[in-house]
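K.L.:
So the chains spell out like this:
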Amino acid sequence: MKFGVIVFPGSNCDHDAYHVISKHVGQPVDFIWHRDTNLSAYDAVIIPGGFSYGDYLRAGALARFSPVMASVKEFAARGGFVLGICNGFQILAEAGLLPGALIRNRDLHFICEHIHVRVENDDTPFTNELKRGTVLRIPVAHAEGNYVCDDATLAELQREERIIFRYCDETGAVTDATNPNGSRDNIAGICNRERNVLGMMPHPERACEDLLGSSDGRDIFRSLAATLAAAHV
Amino acid sequence: MITSEQIAAHNLTEDEYRRIEELMGREPTLVELGIFSVMWSEHCSYKSSRIHLKRLPTTGERVVVPPGENAGVVDIGDGWCAAFKIESHNHPSFIEPFQGAATGVGGILRDIFTMGARPVAAMNSLRFGSLDNAQHGRRNRSLLAGVVAGIAHYGNAFGVPTVAGEVAFDDAYALNPLVNAYALGLVRHDQIFFGKAAGIGNPVLYVGAKTGRDGIHGATMASAEFDEEALEKRPTVQVGDPFLEKLLLEACLEAMRSGAVAGIQDMGAAGLTSSSCEMAARAGTGIELDLSLVPQREDAMTAYEMMLSESQERMLIVAHRGREREVMDIFRKWELDAVVIGRVRDDQRMRVLHNNELVADIPVAALTDEAPKYDRPMKKSGESRESRESGERKENPVDSLDSPDSLDFNAALLRLVSAPNIASKEWVYRQYDHMVRTNTAVLPGADAAVIRIKETRRALALCLDGNGRYCAVNPREGARLVVAEAARNVVCVGARPLAITNCLNFASPEKPEVMWAFSEVIDGMSEACKAFDTPVISGNVSFYNETEGRGVWPTPVIGMLGLVEDVRRIVQPGFKGAGDIIALLGTTRADTSVSEYAATILGRTTGEMIKEGRVPALDLQAELAVQKACLGAAEAGLLRSAHDCSDGGMAVALSECCFSSLNRQAIGAEVELADMLSVAARLFSETPSRIIISFEEAALGQIEEIAARAGCQLTVLGHTGGDRLRISADGDEVISLPLAEIETAWRTALENRLQAEVLVAAGE
Chain V
1 MKFGVIVFPG SNCDHDAYHV ISKHVGQPVD FIWHRDTNLS AYDAVIIPGG
51 FSYGDYLRAG ALARFSPVMA SVKEFAARGG FVLGICNGFQ ILAEAGLLPG
101 ALIRNRDLHF ICEHIHVRVE NDDTPFTNEL KRGTVLRIPV AHAEGNYVCD
151 DATLAELQRE ERIIFRYCDE TGAVTDATNP NGSRDNIAGI CNRERNVLGM
201 MPHPERACED LLGSSDGRDI FRSLAATLAA AHV
Chain B
1001 MITSEQIAAH NLTEDEYRRI EELMGREPTL VELGIFSVMW SEHCSYKSSR
1051 IHLKRLPTTG ERVVVPPGEN AGVVDIGDGW CAAFKIESHN HPSFIEPFQG
1101 AATGVGGILR DIFTMGARPV AAMNSLRFGS LDNAQHGRRN RSLLAGVVAG
1151 IAHYGNAFGV PTVAGEVAFD DAYALNPLVN AYALGLVRHD QIFFGKAAGI
1201 GNPVLYVGAK TGRDGIHGAT MASAEFDEEA LEKRPTVQVG DPFLEKLLLE
1251 ACLEAMRSGA VAGIQDMGAA GLTSSSCEMA ARAGTGIELD LSLVPQREDA
1301 MTAYEMMLSE SQERMLIVAH RGREREVMDI FRKWELDAVV IGRVRDDQRM
1351 RVLHNNELVA DIPVAALTDE APKYDRPMKK SGESRESRES GERKENPVDS
1401 LDSPDSLDFN AALLRLVSAP NIASKEWVYR QYDHMVRTNT AVLPGADAAV
1451 IRIKETRRAL ALCLDGNGRY CAVNPREGAR LVVAEAARNV VCVGARPLAI
1501 TNCLNFASPE KPEVMWAFSE VIDGMSEACK AFDTPVISGN VSFYNETEGR
1551 GVWPTPVIGM LGLVEDVRRI VQPGFKGAGD IIALLGTTRA DTSVSEYAAT
1601 ILGRTTGEMI KEGRVPALDL QAELAVQKAC LGAAEAGLLR SAHDCSDGGM
1651 AVALSECCFS SLNRQAIGAE VELADMLSVA ARLFSETPSR IIISFEEAAL
1701 GQIEEIAARA GCQLTVLGHT GGDRLRISAD GDEVISLPLA EIETAWRTAL
1751 ENRLQAEVLV AAGE
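Taken in order, these protein sequences are the chains called V and B. Using the numbering used here, read the first sequence as starting at 1 and increasing by one per residue. Using the numbering used here, read the second sequence as starting at 1001 and increasing by one per residue.
No lab work stands behind these hints, which were simulated from the structure alone. Do not take every clue at face value.
Unchecked claim - The calculated label-pair distances, taken between Cβ atoms and stated as ranges, are: (1) V:156 x B:1299: 50 to 56 Å; (2) V:156 x B:1565: 51 to 57 Å; (3) B:1578 x V:134: 25 to 31 Å; (4) V:194 x B:1454: 53 to 59 Å; (5) V:160 x B:1210: 45 to 51 Å; (6) B:1751 x V:226: 41 to 47 Å; (7) B:1665 x V:226: 31 to 37 Å; (8) B:1740 x V:31: 43 to 49 Å.
Unchecked claim - Far from chain B, some chain V residues (derived; all Cβ distances over 10 Å): (9) 28; (10) 37; (11) 223; (12) 231.
Unchecked claim - Sample of chain V residues facing chain B (criterion: CB under 10 Å; computed from the structure): (13) 11; (14) 12; (15) 35; (16) 38; (17) 49; (18) 50; (19) 51; (20) 53; (21) 54; (22) 55; (23) 111; (24) 112; (25) 113; (26) 114; (27) 141; (28) 208.
Each residue gets a CB set at the ideal place from its N, CA and C atoms; glycine is no exception.
Given the sequences, and given the hints that come with them, work out the whole structure.
P.N.:
This is the structure we're talking about:
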């Protein structure tokens, strides 16, 4: 089993994701430079947070044209697992691997704080070590995390149970007051129809140690590792 | 022919110009005059402060690189070192708050990675005029919103966590906001780089962003006071590009690892000019540059413009001869320019060519060592009562302000926690990514932030502290108090104070009262730094913080670094559970005449405090005892919480201990303040050298022993528990409030005042 962390110019959570995979998940992991196009050595790739290409045009809008993204599309089509975190989610949406878009937060500010999300579907490669309804405390850190999509897409996401995380309070109640950025239907993370591509705004790699205030994010990486281990048997 | 108008336009005096002619042995060219003007500016030459700065302690067993380089470096064990520095960006932030603050962050980050250190934490210290000021309130609010947005823009995209800082308000800063940016990086002991143009014949490379016409004369702008036309100086402020800086960081660190780099320096203030001649000066060499080779953003730039441009995100690298190709390849990988533009020479001169013409030829020493040094006239400020009586500080100040008979202490506490100087700064730090790099073990809002070092069990504690009010009333005592508070703050999280960086913000040095205050601050700071064994390893002086004749208070800001030996032993301010003992390390005296209580509850202006007030007396030995006791108890693992008792006094500090925080519900407290002071003094006095601690009942004996051994007074105040804060004095309950009410007031005060400005700032 091997993980890869893609590095775009301007990625800045690449080292954090790498650290979690090697230290807390205990699996081999490489950095993948954005000009590399051969992903055949990997079982799962992480598109980390940051400001790819400065995000000056629109978050993720330039990264989707990077050479590695064509390979990521093929990789996903072959069934490889892709986890996009924060800027990674924005890039996946821009690249069309996930539906919808992430726009400026409702209050227009960058927001960095610990929030709560509820696990909406535990039957995915990223959440199988969790239970539906579990509340996770994970930090967010973004200015453009306000998820939008049209009514038909929302209905489809709901029908196909592709909303994986929703913003909630510590008891699991999903309300407008628990929505940090104005996301439609309190969406914090969604997956594709095949369930091998997940995008989420919260940073699970920042919540893998009690020292940092939470280790709730670890189960997401563990789920993925368990999925890969099962696939390799 | 250089005219007197040109001399004046370059902010040089006639005497200074004559000295230039003497050093050159001829009349300088216009390019040379421009070079002298920036190198001899207050900002670059420290001409008014150098003779005073010498009195600061700068050595110690942990000091690896003392002041003089791009940043100071201290040893933190296990082969690791910390490089850190603070720098002001006050003038540009007033003219253009968003970009002024953003480029301040960019500049200080480059100072850190120039040393070979990867930046792992940033902080900032901000001062503005009062948010409610009738005349300037709106502008003050929008300055704050713009500065915070600019810092967030740069730091967040670059990927450095902004982990702590301070935001303070006083009308002296209304037209002179202070924006001080701090950064800290980690570097292996044997991989530190220096800004030296060493090795005769070595190639000089220009790397990073292209040069444009932005920021020309920025250093000169920052070396003069403002008049009502200040905003017309907007073109001297640069525009920052954090994305480019992030690429520059990665490329520079990679080039350094390759072994091809002999020396490296940031092009900050005075850009190409200061970087090249400072590198030559440090190495005792000369340097030759051909400006025709410099990557340019605009057409037909003159030599004068290129030498004085302050375009951001640029570096000068001296490579080992024959290895320049390696450096260029690394920069190409990161899609950055890297061009050989000159050579290191052996003649100790700075030679600048443009279009095959020699446009400047100056002895390096004339720009650096020979720059003017002034012992400016000083005059004790006549106004303050303290200065009239200095030298006869009384043991037991009698001038505490008695509260009006009818004072409702509950209402007073609610007003104090809502005062912008005390209220939660969450509205500010929520906009900063303070968790990226996954090392932040103590988040913003505590006495100091803590950054763990992944490769070791150690961690670093860092904080910024300043107090313009104290320094206005008594600069020497104020400076001692500020250093003591900074040291106490890192002790509160369980760290041993190691070293400081300082940012000295003052008005015009040409005013004898300002210069006197500067000298007093240096002496007070020296004394305190010696007592705590925390040498000054880097810093910055910012003079001319003056607009329309009105200057800022003397405002030294201290960045303290502390070392936590075991990250599992860190302590935080919040109470941990019900039934713990609450105790005070230290002693409360009547110190209310210069305080937040005097300002907020009694309505005293800082000017009135200068006339009538007295800053708290600081006994350095007592302070050391309190710190020793707190640290001893923390390192023994006995403390459940520790919090510095400062602005707003005991009642505010106790409230802050009760408030909720990450993973903690709010917890109430019931305490008795028994002593001979007035109730107002017991609640709101700002006596220094006090720490509120909490611990399990069973630990009382051990903590008493630790305190006794340290020679520190320990007083049990009460217990944690319940959902109210209840404080009694002599059997009367003087404060009893639901915690939720105090916490809501504290948490929402700043945000409520700024609501209107949110949309304006976000539009930047």
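K.L.:
Against each hint, give a clear statement of whether it holds in the structure.
P.N.:
Consistency of the hints with the structure:
1. Here the CB-CB span from residue 156 of chain V to residue 1299 of chain B is close to 54 Å, well matched to the stated 50 to 56 Å.
2. Checking the proposed 51 to 57 Å range against residue 156 of chain V and residue 1565 of chain B shows it holds: the Cβ atoms sit about 55 Å from each other.
3. Between residue 1578 of chain B and residue 134 of chain V the CB atoms are about 28 Å apart, so this pair conforms to the stated range of 25 to 31 Å.
4. For the hinted restraint 53 to 59 Å between residue 194 of chain V and residue 1454 of chain B, the CB-CB distance of approximately 36 Å leaves it violated.
5. Between residue 160 of chain V and residue 1210 of chain B the C-beta distance comes to about 50 Å, which sits within the given range of 45 to 51 Å.
6. Residue 1751 of chain B and residue 226 of chain V have their C-beta atoms about 43 Å apart, which keeps the hinted 41 to 47 Å range intact.
7. With their beta carbons about 34 Å apart, residue 1665 of chain B and residue 226 of chain V fall inside the hinted range of 31 to 37 Å.
8. The supplied range of 43 to 49 Å is met by residue 1740 of chain B and residue 31 of chain V, whose beta-carbon atoms lie about 47 Å from each other.
9. Its beta-carbon lying about 19 Å from the closest one in chain B, residue 28 of chain V satisfies the requirement of being farther than 10 Å from that chain.
10. The non-interface label for residue 37 of chain V is consistent with chain B: the shortest C-beta to C-beta separation is roughly 16 Å, beyond 10 Å.
11. No Cβ of chain B approaches the Cβ of residue 223 of chain V within 10 Å, the least distance being about 20 Å, so the stated non-interface status holds.
12. With a closest Cβ-Cβ approach of about 28 Å to chain B, residue 231 of chain V is found to remain outside the 10 Å limit, as its non-interface label requires.
13. With 10 Å as the threshold, the beta carbon of residue 11 of chain V comes within range of chain B, its nearest partner Cβ sitting at about 8 Å, so the hint holds.
14. Using the Cβ-Cβ criterion of 10 Å, the hint placing residue 12 of chain V at the interface with chain B is satisfied: the shortest such distance is roughly 3 Å.
15. Because the closest C-beta pair between residue 35 of chain V and chain B is about 9 Å apart, less than 10 Å, the hint holds.
16. For the restraint placing residue 38 of chain V at the interface with chain B, the shortest Cβ-Cβ distance is roughly 18 Å, beyond the 10 Å limit, so the hint is violated.
17. With 10 Å as the threshold, the beta carbon of residue 49 of chain V comes within range of chain B, its nearest partner Cβ sitting at about 8 Å, so the hint holds.
18. Below 10 Å, beta-carbon pairs count as interface contacts, and residue 50 of chain V has one with chain B at about 6 Å; its hint therefore holds.
19. Because the smallest distance between the Cβ of residue 51 of chain V and any Cβ of chain B comes to about 4 Å, under 10 Å, the interface hint for this residue holds.
20. Here the hint on residue 53 of chain V is kept, as its CB sits about 7 Å from the closest CB of chain B, short of 10 Å.
21. Because the closest C-beta pair between residue 54 of chain V and chain B is about 3 Å apart, less than 10 Å, the hint holds.
22. The beta carbon of residue 55 of chain V is positioned within 10 Å of a beta carbon in chain B (closest approach about 7 Å), and the interface hint is therefore held.
23. Annotation: interface hint on residue 111 of chain V holds; nearest CB of chain B at approximately 6 Å, less than 10 Å.
24. At about 5 Å, the closest approach between the beta carbon of residue 112 of chain V and any beta carbon in chain B falls short of 10 Å, and the interface hint on this residue holds.
25. About 6 Å separates the beta-carbon of residue 113 of chain V from the nearest beta-carbon of chain B, less than 10 Å, and the hint is met.
26. Given the 10 Å rule on beta carbons, the hint for residue 114 of chain V holds: about 6 Å separates it from the nearest Cβ of chain B.
27. For residue 141 of chain V, the suggested interface contact is upheld, since its CB lies about 5 Å from the closest CB of chain B, less than 10 Å.
28. Of the supplied interface hints, the one on residue 208 of chain V holds, with its beta-carbon coming within about 8 Å of a beta-carbon of chain B, less than 10 Å.
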